[in-house]
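Given the coordinates of chain A, assemble chain B onto it according to the supplied hints.
2 protein chains.
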Amino acid sequence: MNIVITKIEKMSNKKPKIRLYLDDQINSGTVFLIEGNQGHYLVNVMRVKLGDYVIIFNGFDGEWLAEITKVGKGKAKITLREKVSEQKSDPDLWYLFAPIKKARIDYMVQKATEIGVSRIIPVLTERTNLDKIKFDKLLVNAIEAAEQSGRMTVPQIDDLLQLDKVLKDWPENRGLIFCDEAGDAIPMQEIKKSFDKWAVLIGPEGGFSPQEREFIRAHQNTVAITLGPRILRADTAAVAALSLWQSFLGDWAQ
Amino acid sequence: MNIVITKIEKMSNKKPKIRLYLDDQINSGTVFLIEGNQGHYLVNVMRVKLGDYVIIFNGFDGEWLAEITKVGKGKAKITLREKVSEQKSDPDLWYLFAPIKKARIDYMVQKATEIGVSRIIPVLTERTNLDKIKFDKLLVNAIEAAEQSGRMTVPQIDDLLQLDKVLKDWPENRGLIFCDEAGDAIPMQEIKKSFDKWAVLIGPEGGFSPQEREFIRAHQNTVAITLGPRILRADTAAVAALSLWQSFLGDWAQ
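Quick mapping for you: the protein sequence lines, in order, are chains A and B.
For reference, each letter of the first sequence is one residue, going 1 to 254 in the working numbering.
For reference, each letter of the second sequence is one residue, going 1 to 254 in the working numbering.
Where hints are given, some of them may not hold.
It does not matter which identical chain is used: a pair holds within one copy or between any two.
Result set (DMTMM-like, lysine to aspartate or glutamate): computed pairs, CA atoms no more than 20 angstroms apart in a straight line [said to hold, decoys possible]:
1) K168 / D52
2) K197 / E86
3) K73 / D52
4) K75 / E144
5) K17 / E205
Simulated from the structure, these hints should not be mistaken for lab results.
These numbers were taken from a predicted model, which means no experiment stands behind them.
This is chain A alone, in the form it adopts within the complex (with noise of 0.2 angstroms):
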């Protein structure tokens, strides 16, 4: 414990700023080579000396401090030193969206996961005009996301799924909260039925076709909601919702 308080001392009491995401095993002593978009952070944007700390997780082992030990270009090895912190989770809450442009898509993921869903799933409806998605540009922005936002896991992305066969193998145990302009959606404090776990789930701009509707609100785990009386764009409505979802059911209430 001395080595681990006398480099926080070293650094003011304060832990580094700078979080990195690893998906790999973590041990006291590993050394690891940083590179790509993490590389290029490190070295251009936060311009990182021999002898800083930067804290690493993995989405299991908590988080730890670990040493630049080589500076190269646009890439700097660290060496695992110590565990600073207990792994702490984020609330097991799934984000289903539909896509409409790249642009919208990265904010999408970057806001989900800065507000913390532990599962993000692009469904494709009748409104969507998109036939793919990058995954991996996906991927990309929920780490950086989730390196900046503090969170110590990574969400799940999925592949772009059917909206119809997400809702066909629906787990029977996650309530679906959908937003819904309909007379008898509810506002989210309202929400009466109780399942384990949730999802909130998100419609095109121009919202779901009517027949989407009904097949969306025939289904026994939807929950209709309302945001209130005046129309929301769809990103609008994304961080709305999921915000709301924190406060009543997540993790902001304490």
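Then chain B, alone, in the frame of chain A:
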């Protein structure tokens, strides 16, 4: 009333989708020339034809049907026909934010308008790197967002103000919610202080300076709230905080 019913029947009992804000008096028979952004939207984007109907609102007199009575290059003439909705107000909520980059400012104004604020005040803080804003551009964004979201009002947009000046002249009966990461910040649903009216203050990316935080906290009208254990970007925090306010204190809970 017969003329209105016939017109609505002609439109299959559906209200026109196109909504335009006019900063003017509204009376049956008045003719308006629609040009600029709105003219371009009508003629080039929505491709309106003679005899089409649009909805007009001015923030005071409800919604009115107006008929397209002339179509030109990027502009059109409309003739006001009949009132179809009584004026509906939007919640009295002030939204203060620290502008950073142009794209984000347009976004902040658009989202705040959709979610339903009555006044938008850009504030200069120590960490704001902008010293002026394009007021006209913000107003155009607010008007477009009001038109698209179904609002019958457009939020008031202030010019850039110094945060300390805003706080010095703060009205006694209005609470000021701000997002803080300190230990004693409470979830929005636990706000006990009751003010007649409210405002939400979103700090710049990177937060307030320590002196600013002390200054804000010292004000008798401020309430510090937390938005969960993860760090949110300023634009995420804005939509989250405004959505939560609408749910707990605004008109989302019906």
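Comparing the hints with the structure gives:
1. K168 / D52: neither (51 angstroms within a copy, 42 angstroms between copies)
2. K197 / E86: neither (24 angstroms within a copy, 42 angstroms between copies)
3. K73 / D52: Cα proximity of K73 and D52: one copy only (17 angstroms, versus 62 angstroms across).
4. K75 / E144: This pair counts as within: shortest intra-copy Cα distance 17 angstroms, inter-copy 45 angstroms.
5. K17 / E205: This pair counts as between: shortest inter-copy Cα distance 15 angstroms, intra-copy 37 angstroms.
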